[in-house]
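Using the sequences and the accompanying hints, generate a full structural model.
Number of protein chains: 2
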Amino acid sequence: MKPWKPLDAVLLLSAPPWLNVYQESVELPSGRILNDFYRVVLPDFAVIVAVTPNKELVMVRSYKHGLRKISLSAPAGLVETGELPLQTAQRELLEETGYAATEWRSMGRFIVDGNRQCGTAHIFLAENALPVAVGREDEAEEVQVELLSPNKFLQAIQQGDVATLTTVSAVALVMVSGLGR
Amino acid sequence: MKPWKPLDAVLLLSAPPWLNVYQESVELPSGRILNDFYRVVLPDFAVIVAVTPNKELVMVRSYKHGLRKISLSAPAGLVETGELPLQTAQRELLEETGYAATEWRSMGRFIVDGNRQCGTAHIFLAENALPVAVGREDEAEEVQVELLSPNKFLQAIQQGDVATLTTVSAVALVMVSGLGR
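In order, the protein sequences belong to chains A and B. According to the numbering used here, the stretch in the first sequence is residues 4 to 184, in order. According to the numbering used here, the stretch in the second sequence is residues 4 to 184, in order.
It is possible that some hints are incorrect.
One copy or two, it doesn't matter: identical chains are merged, so the pair holds either way.
[As the list claims (entries may be wrong)] With a Cα cut of at most 30 Å, we get these calculated DSS-like pairs of lysine-lysine:
#1 Lys58 to Lys8
#2 Lys155 to Lys58
#3 Lys155 to Lys67
#4 Lys155 to Lys72
#5 Lys72 to Lys58
Rather than coming from a laboratory, the hints here were simulated on the basis of the structure.
Rendered as structure tokens:
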């Protein structure tokens, strides 16, 4: 099984720090050339599955404009310049929820779209999460903290109340790995 | 908690059927106006968690150009015009792996990125999956079918062999829901 060979890439759209879109030319292993392979480069982000000592998940309810609706999601945020993903995770958990945690573990890094790219998710488990401050309420992101048992989280998925793939993957990965219990 | 109010949207980039990128102006609940909210519209796709009667997952190993590497993933593909997502799932499972299944169940639909959108994933569980044909080997997508137990799948994640968020979310969601066993 052979990789494709990148031949050329044209920057079609640049809107830093939010996104860059490239049109690539690639040569397939068969020798055929594709001239319209698009790459959407979005920033890396951290997703946090925070679990309290009572084994409840620390989730946030907020308006998501990509969805045009209010949804339940795991705390998450973009990795800022100069930050390690773990630092992003610790900062975002505190900023969004007011919680801090004593035990942190990386659950892996995953590209969002295997063809287009669309950013890379760094998933973290944060155990022994406790409230230490008041969560952020900035004007672009009104956030309500909710504590849910893992079973309630699964019910929320079934009811369509968890609308993003990122949240599903992070929490389900922690649960299926037997962690956070 | 109030939704944002869309004011205007400019199509910055159009490359059908692959992607459209819009720059939106939105009014926040505070009254402030954001003029640079980007929406990346990618096609809907189906992801299939196929399980054999022996409770093995039917996975594919293939080169993913978004990653620039070979990775293990769940069968998946874009929803074609006029297709229902379930039809896409049944077609893609057969095309990519040569397997067909007798029992299909929707596990939900999830937006990929809560801010940018980046497509919608339709996740399906396919039980009693059996080989009925030879899988596709087209020139853009050389594919090798691999059967894995759920434990082997978790090991593959830990080893960095499963690189896409889509695959993690689909398989972990099925496993944590207690299905496919």
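Hints, one by one, checked against the model:
no., hint, in the structure
1, Lys58 to Lys8, "neither (48 Å within a copy, 37 Å between copies)"
2, Lys155 to Lys58, "both (12 Å within a copy, 27 Å between copies)"
3, Lys155 to Lys67, "within (21 Å within a copy, 35 Å between copies)"
4, Lys155 to Lys72, "within (20 Å within a copy, 37 Å between copies)"
5, Lys72 to Lys58, "within (28 Å within a copy, 37 Å between copies)"
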